[in-house]
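K.L.:
Line order of the protein sequences matches chains U and Z.
So the first sequence is numbered by this note's numbering: it starts at 1 and just counts up by one.
So the second sequence is numbered by this note's numbering: it starts at 1 and just counts up by one.
Among the clues, some could well be false.
To be verified - As a list, the in silico DSS-like pairs of lysine-lysine whose alpha-carbon atoms are at most 30 Å apart:
1) Z:K142 to U:K201
2) Z:K251 to U:K315
3) Z:K182 to U:K201
4) U:K315 to Z:K129
5) Z:K251 to U:K201
6) Z:K142 to U:K315
Said to hold, decoys possible - Label pairs and their in silico Cβ distance ranges:
7) U:G64 to Z:G102: 54 to 62 Å
8) Z:S153 to U:I297: 33 to 41 Å
9) U:P75 to Z:G102: 31 to 39 Å
10) Z:R130 to U:S60: 47 to 55 Å
11) U:M286 to Z:A191: 37 to 45 Å
12) U:R311 to Z:D207: 55 to 63 Å
Calculated from the structure, these hints are not laboratory results.
Backbone N, C-alpha and C define an ideal beta-carbon position, used for all residues, glycine too.
What follows is each chain in one-letter form.
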Amino acid sequence: MSQSMVYYVTTILVYLGVDILACWSFNLQYGVAGILNFAFIMFQAVGAYTAAVLTLGPSSGNGGFQHYILGWTLPFPIPILVAGVVAAALAYVVGLIALRRLRADYQAMVMLVISVIATLVVTNELGLFNGPAGLALIPEPLSSLVSSGGYPWLYVGVTAAICVIVYLFVHRVTSSPLGRTLRATRDNQDAAQALGKDVVKLRLFIFVFSNAIAGISGALLVEFIGAWSPGSWLYVETFVILTAVIVGGTGNNAGVIMGALLVPIAFNEATRFIPPFGRPGLVDAMQWVVIGILAPIFLWFWPRGIIPERRRRFKVPAILLVGSDQSPTRPEMTTAEAKGEVD
Amino acid sequence: MSLNEVPNVPVQSFLEVRDLRRDFGGVWAVDGASFEAQSGCITALIGPNGAGKSTVVDLIGGALRPTSGQVLMDGRDITALKPHERARLGLVRTYQMSSEFGRLTVLENLLVGVPDQRGERFRTLVIGKRYWREQEEAVLVKAFGLMDRFAMSEKRDEYAGNLSGGQKRLLEIMRSLMAEPKLLLLDEPMAGINPTLARVIEGYLSDLAKEGLTMLLIEHELDVVDRLCESVVFMAQGKVIATGKMEELLKNTGVLNAYLAG
Ligand SMILES: Nc1ncnc2c1ncn2[C@@H]1O[C@H](COP(=O)(O)OP(=O)(O)O)[C@@H](O)[C@H]1O
Ligand SMILES: [Mg+2]
Chain U
1 MSQSMVYYVT TILVYLGVDI LACWSFNLQY GVAGILNFAF IMFQAVGAYT AAVLTLGPSS
61 GNGGFQHYIL GWTLPFPIPI LVAGVVAAAL AYVVGLIALR RLRADYQAMV MLVISVIATL
121 VVTNELGLFN GPAGLALIPE PLSSLVSSGG YPWLYVGVTA AICVIVYLFV HRVTSSPLGR
181 TLRATRDNQD AAQALGKDVV KLRLFIFVFS NAIAGISGAL LVEFIGAWSP GSWLYVETFV
241 ILTAVIVGGT GNNAGVIMGA LLVPIAFNEA TRFIPPFGRP GLVDAMQWVV IGILAPIFLW
301 FWPRGIIPER RRRFKVPAIL LVGSDQSPTR PEMTTAEAKG EVD
Chain Z
1 MSLNEVPNVP VQSFLEVRDL RRDFGGVWAV DGASFEAQSG CITALIGPNG AGKSTVVDLI
61 GGALRPTSGQ VLMDGRDITA LKPHERARLG LVRTYQMSSE FGRLTVLENL LVGVPDQRGE
121 RFRTLVIGKR YWREQEEAVL VKAFGLMDRF AMSEKRDEYA GNLSGGQKRL LEIMRSLMAE
181 PKLLLLDEPM AGINPTLARV IEGYLSDLAK EGLTMLLIEH ELDVVDRLCE SVVFMAQGKV
241 IATGKMEELL KNTGVLNAYL AG
């Protein structure tokens with residue numbers, strides 16, 4: 001593989017990993033718990049900024065051309081983990097405001113407003129994350145371990161490992177009674193409350209947990225691309241993730257991988273090969289338009305997405321089969337373990 | 001008087017509603033309602049449309065906060081508690097509009113019914129399945145038992161959203177029973193469903209009453225009320241007009257007139 005080909009392939013793979021994490025996170029909120037987090041990209045961004053300022057070293061470095069807080073040099077993977085914690089803390093504060101009330105329109109409105117405020121703060125507070133210019137020259141973690149040619153592959157491996165670890169936790173939520181109860185609150189929050197579910201607490205929990213994943217995804221990305229600025233987290237990016245989740249299959253972790261593959265990745269790559277026409281930037285603008293209309297089209301024609309949420313089936317509990325005439329005809333049903341809770 | 005002589009204790013009132021009021025922008029939906037529901041039987045809440053019956057159930061269940069007044073369950077003032085806290089004390093309600101979890105299967109709807117499951121706790125994330133597997137097994141056994149009893153086994157894996165109106169009402173009652181309620185509030189569980197299934201549900205409610213479940217039932221059909229309920233609370237225009245046995249209320253023509261007028 002040529003050097004540029006390696007660069008191309010590994011970059012796509014890292015972006016894919018980051019988008020999969022983002023989509024799992026968004027899906028836990030939107031697909032499982034029914035929270036429409038319009039501030040999603042802010043949580044990814046805070047993770048990216050956190051990892052950046054924990055990796056960059058003092059802001060007097062590189063001739064002091066950028067200004068930012070902290071400026072520490074912590075070893076991998078600490079900046080990524082701390083990014084998750086900081087995103088979780090921010091989610092807790094935002095959640096306390098936005099999720100206290102159960103009305104979905106109120107929640108969406110608060111999130112959108114908070115997202116806009118965050119952009120304004122980061123852009124205007126120059127000493128925080130270097131204002132509109134953003135942060136650059138973020139050092140590559142682990143680069144001392146391998147030759148420069150092998151580094152992108154090492155990072156692909158790191159990304160894959162983080163995806164696997166995160167998946168194990170995501171799966172613990174979606175395959176457990178916790179996930180089931182969250183889906184119940186999504187379908188009918190009043191009825192869930194009447195059955196003793198503390199809907200506010202459950203939502204706050206899943207909001208904190210999944211936005212920690214969003215923060216980790218941002219950290220993973222920034223450590224690879226080495227730069228991050230307000231232009232990296234325009235609020236429309238949230239809609240790209242939303243579209244990916246809707247297209248792939250709301251409420252299905254595998255469907256969401258498909259969505260990550262099709263919407264942010266394939267789409268970006270496909271437009272690369274469209275010859276430029278019209279005014280400069282027209283192709284890019286068209287891309288936003290197409291992504292923008294993709295979600296409503298799917299919601300209209302394929303509301304459940306390409307890989308829909310799975311129907312959960314359970315085996316008859318073993319204890320009910322003992323001595324009953326069902327057991328000889330259904331010998332496979334010897335355990336009550338929920339079958340196929342694998343998504 | 002000998003020591004072992006049992007005093008004549010009156011039937012325990014399990015639910016007590018004291019002077020409840022609730023307004024919606026100046027309109028008093030409930031305007032000073034007081035009544036009691038006895039332990040171990042069905043109390044009917046009847047009255048014309050707009051009398052405030054559903055609002056009373058919302059106030060008892062905690063979905064709405066009263067403007068003033070109190071709700072006591074088993075002698076305890078629960079007025080300040082949130083709906084989920086009341087549910088954990090054994091107060092479970094159904095809704096006038098069917099409120100199934102539409103994208104969950106029938107069986108899953110039942111499984112959700114058990115409050116405070118281990119697998120719902122956040123510890124699940126750290127410990128994993130071994131933390132909740134055993135309890136889940138017990139919950140499943142209970143759910144299969146209920147599906148058997150209420151003849152819903154065939155619908156086990158059907159999405160609740162695809163059930164007929166009557167089946168949804170039945171599912172809601174079953175889901176409430178998963179919580180092993182001490183007090184069940186039923187808001188017109190037989191309204192708008194076919195008469196055959198309505199009779200079936202009536203039979204189930206009668207059985208549950210015989211088993212000693214305390215219920216407060218909003219119901220339009222007076223024959224059903226007559227068959228099921230030992231005591232009746234009659235509401236009109238946000239107020240409790242009369243309470244007593246059905247035959248006493250029927251003798252009181254003023255009550256009946258109010259009903260027919262509504
Ligand atoms: N959320 C609400 N907002 C405004 N008015 C309401 C609301 N809920 C009920 N009401 C009014 O309160 C009165 C009682 O309603 P309700 O309790 O549903 O009566 P019932 O169940 O006896 O038919 C009606 O006049 C109704 O219009
Ligand atoms: Mg009503």
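K.L.:
Hint by hint, say whether it matches the structure.
P.N.:
Status of each hint after checking the structure:
1. Z:K142 to U:K201: 27 Å, holds
2. Z:K251 to U:K315: 55 Å, violated
3. Z:K182 to U:K201: 25 Å, holds
4. U:K315 to Z:K129: Status holds; Cα separation ~16 Å.
5. Z:K251 to U:K201: 51 Å, violated
6. Z:K142 to U:K315: At roughly 13 Å apart (the allowed maximum being 30 Å), K315 (chain U) and K142 (chain Z) satisfy the hint.
7. U:G64 to Z:G102: 54 to 62 Å: 59 Å, holds
8. Z:S153 to U:I297: 33 to 41 Å: Holds: the Cβ-Cβ distance is about 39 Å, inside 33 to 41 Å.
9. U:P75 to Z:G102: 31 to 39 Å: For G102 (chain Z) against P75 (chain U), whose Cβ atoms are near 49 Å apart, the range 31 to 39 Å is violated.
10. Z:R130 to U:S60: 47 to 55 Å: Hint holds: Cβ distance 52 Å, inside 47 to 55 Å.
11. U:M286 to Z:A191: 37 to 45 Å: This hint is violated: roughly 53 Å between Cβ atoms.
12. U:R311 to Z:D207: 55 to 63 Å: Given about 31 Å between the Cβ atoms, the range is violated.
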